[in-house]
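In order, the protein sequences belong to chains A and B.
So for the first sequence, my numbering puts the first residue at 1; every next one is plus one.
So for the second sequence, my numbering puts the first residue at 1; every next one is plus one.
A portion of the hints provided could be inaccurate.
[As the list claims (entries may be wrong)] Listed below are the simulated SDA-like cross-link pairs for lysine to any residue, each with C-alpha atoms no more than 20 Å apart in a straight line:
{"no.": "1", "chain 1": "B", "residue 1": "Lys-125", "chain 2": "A", "residue 2": "Leu-312"}
{"no.": "2", "chain 1": "B", "residue 1": "Lys-125", "chain 2": "A", "residue 2": "Ala-224"}
{"no.": "3", "chain 1": "B", "residue 1": "Lys-125", "chain 2": "A", "residue 2": "Leu-315"}
Because the hints were derived from the structure by calculation, they are not lab data.
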Amino acid sequence: MREDRSHTCAGPDDAFSRKSFFNRPWIVADKCHNALQIVAMNDVAAVLGLEIGTPLANARAICPDIDVFDADEVADAQALSDIADWCDRFTPLVALDPPYGLFLDISGCAHLFGGEATMLSRVCDFLSQQGFTVNVAIAGAPACARALTRVARNRIVPEGEEALAVAPLPVFALGADDAITRGLRRAGLKTIGDVASREPREIAARFGKALMDLLREVLGQCDAPISPRRPPPDFMVEKHFPEPVATEAVIAATLSGLAERLVSVMERQGKGARRLEASFFRTDGAVRTIAVETGQAVTRIGVMERLFRERLDALADPIDPGFGFDLIRLSASCVETVVQEQRDLDARTQDSDDVAALIDRMVARLGRSRIKVYLPQDTHIPERAALAGPAQHHLAEASCANWPQRFACEPPLRPLRMFEHPEPITVIADFPHGPPAHFIWRRAQHRIVRVEGPERIAMEWWNLTAGINPIENKDARARDYFRIEDSEGCRFWLYREGIHRRETIEFRWFMHGVFA
Amino acid sequence: MTGARMRTLASLQDTIRHLEAQSLPSRAEHMALGHAGADATLQGGLLRGALHEVFAPETRQSAAATGFVASIAERLSNGRPLFWVQQDFAETEAGSLSMCGFAELGLDPRRLVLASVSNAETALKAVADALACDALGAVVLELWGGTKAFDLIASRRLTLAARSSGVSCVMLCTSSEPVISTAETRWVVRAERSPARPEWIGWGAPVLDAELVRNRHGQTGRWIMEWNSDERIFREPAAHSQPLVAAPANRPHQAPAHAGGPVAHLRRAG
Chain A
1 MREDRSHTCA GPDDAFSRKS FFNRPWIVAD KCHNALQIVA MNDVAAVLGL EIGTPLANAR
61 AICPDIDVFD ADEVADAQAL SDIADWCDRF TPLVALDPPY GLFLDISGCA HLFGGEATML
121 SRVCDFLSQQ GFTVNVAIAG APACARALTR VARNRIVPEG EEALAVAPLP VFALGADDAI
181 TRGLRRAGLK TIGDVASREP REIAARFGKA LMDLLREVLG QCDAPISPRR PPPDFMVEKH
241 FPEPVATEAV IAATLSGLAE RLVSVMERQG KGARRLEASF FRTDGAVRTI AVETGQAVTR
301 IGVMERLFRE RLDALADPID PGFGFDLIRL SASCVETVVQ EQRDLDARTQ DSDDVAALID
361 RMVARLGRSR IKVYLPQDTH IPERAALAGP AQHHLAEASC ANWPQRFACE PPLRPLRMFE
421 HPEPITVIAD FPHGPPAHFI WRRAQHRIVR VEGPERIAME WWNLTAGINP IENKDARARD
481 YFRIEDSEGC RFWLYREGIH RRETIEFRWF MHGVFA
Chain B
1 MTGARMRTLA SLQDTIRHLE AQSLPSRAEH MALGHAGADA TLQGGLLRGA LHEVFAPETR
61 QSAAATGFVA SIAERLSNGR PLFWVQQDFA ETEAGSLSMC GFAELGLDPR RLVLASVSNA
121 ETALKAVADA LACDALGAVV LELWGGTKAF DLIASRRLTL AARSSGVSCV MLCTSSEPVI
181 STAETRWVVR AERSPARPEW IGWGAPVLDA ELVRNRHGQT GRWIMEWNSD ERIFREPAAH
241 SQPLVAAPAN RPHQAPAHAG GPVAHLRRAG
């Protein structure tokens, strides 16, 4: 296994490195230990004798007309993440190494780009074109590659020669604490080779076990895993374009071609995908990923095409091709084994599949949380009795759920529509426990003709957190519900909050729902 | 000879009649509401695979209209899934659908799939797509307020989609005025006072004042309907929605004086 680490030496400040900036010294300053210090600079500033860590006042004394920029860590992290997105075109396994580094696991990928050397130069060229200063190393262990990028420039270490390659590097390339690096230098250990030549127990006794672990990783003697940003997809197909494409027709045709390839690859292993991602790599480095999820595994090209068409049509900000895409990728994850079954001609058996397919299309267009089915909950609190879950995942569960049986010969006891937030109303009622006679809701008066109740619904005391009591917290108070019919025949569900003189002394009424 | 030919002719005519009888109901199938007067005017009931509009003239009538829509959609869907497309604003203003209330009306919450959409244009598009899926029983479109998106072309599109797939479409419009459309029927639904009954009976089955303001193939009318949650059917409102205790056949009609109070089936009140 070989790892590659592209070390981008600076963050988004390099966006300023256009021609006019090349000849001017500029630095990025940030507050460290309550003083403004240099945290990054360009080559021209380095020539003037400035160093990372120099106080800003000293830098201004050395070069009065220097350009100073404020450090912005959030923007730096965003830029690094954008570069990582762009690097997805080389390998699906890209890991962040903050603040300025990226790990790319290129095991088995290099030959696709014409070998390691060609791949390395491509990474360098592309990133340099975008205005970044970049330093890349390829090695068998990630820590070894990281150490190399700190000192050497664009090195490729042949397999098994990690120890040889890092031996002549100075000890700061290890990336240990300043105190340890200083201590190693004072002990006369100038290079990594010097440190490696000592007995491990001597180093561990003086500098701790962490340094020994780091040293072993750098020498390639043990394997330190990287943590990729996202899990690699199960299946992936892609199409490169020598000439960038930008028109919708070409993009649609490419997607259907890719869908065909993906389906044929998955079909051979009897798989279907529940999550599909289309990634559009723009020539200027921006990457846009569109994901489509389905409730049942997709195995047909037509379904894939239709889902993506729905999703692309429904995007709030449509895909901007800019100067065109040079790579379009289609990947499948959440893969399931699909049993191919013979369908009979009876249409009934296909109904549930048709409904699921309709839900998938609606989800692609509207979003997963917008298509809902209801599941019964084991509670007597009216607003929590039904839980709305995404239909894509709970369709089968909802269609065989057990809802409580209604009492035969009873008129409805629960309202057909309920307000998510009960609305406060003004009520004239017998004080303190009597039924209401008159109320005002949404600025309209209602004279009450029929009343049924009260029906007392107390909160679930067994679920209440300790310390919450009904006197202080109104969510824990019992409610006395009344079913009401007004003089027009409209039916309402009102409640009075709290038990008078036990939980509350207020007299507050709410409208919670309306009956048919 | 003539007799044999006549017999052949009669048997052929019989076969043709038989074939026609089989194919006709699938083309124009009516679903009876259960209310005799309304069914007579509608020539057998509401047409399946067509667009029906239900209007609630005011916000406070929206629950009554929702009850009517849910009931007829349930009857139209015939045991198949019900797809309910709801505009977000309708949910905020009129309240969200409560599945307990749904079950209390005798309807089945298991077959309901709800789609929340942000505006009328998206809702119409979603409904048009859903109507093309013949695995569904009925599609409900719930809109709030008048909208320009629902014009003659949009309603024509929904009507054609419903006719070709056989899936019924029911529209619930609150706080809006009817516009020209290709709907099969158009209703204005209001809540109606419960019939006069003794104080101790109190609450009864839902009673609606349903006004048929448009009917493409017949007369219009206005009826008071009562929804029977047990049989899931509309009825003429009864004086007592509660079944009273059956009068014994072999006893005098007048209850003995010492029985004390009315003999009735008392319900839980809370």
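Unmet hints by their number, sorted upward, for this structure: 2
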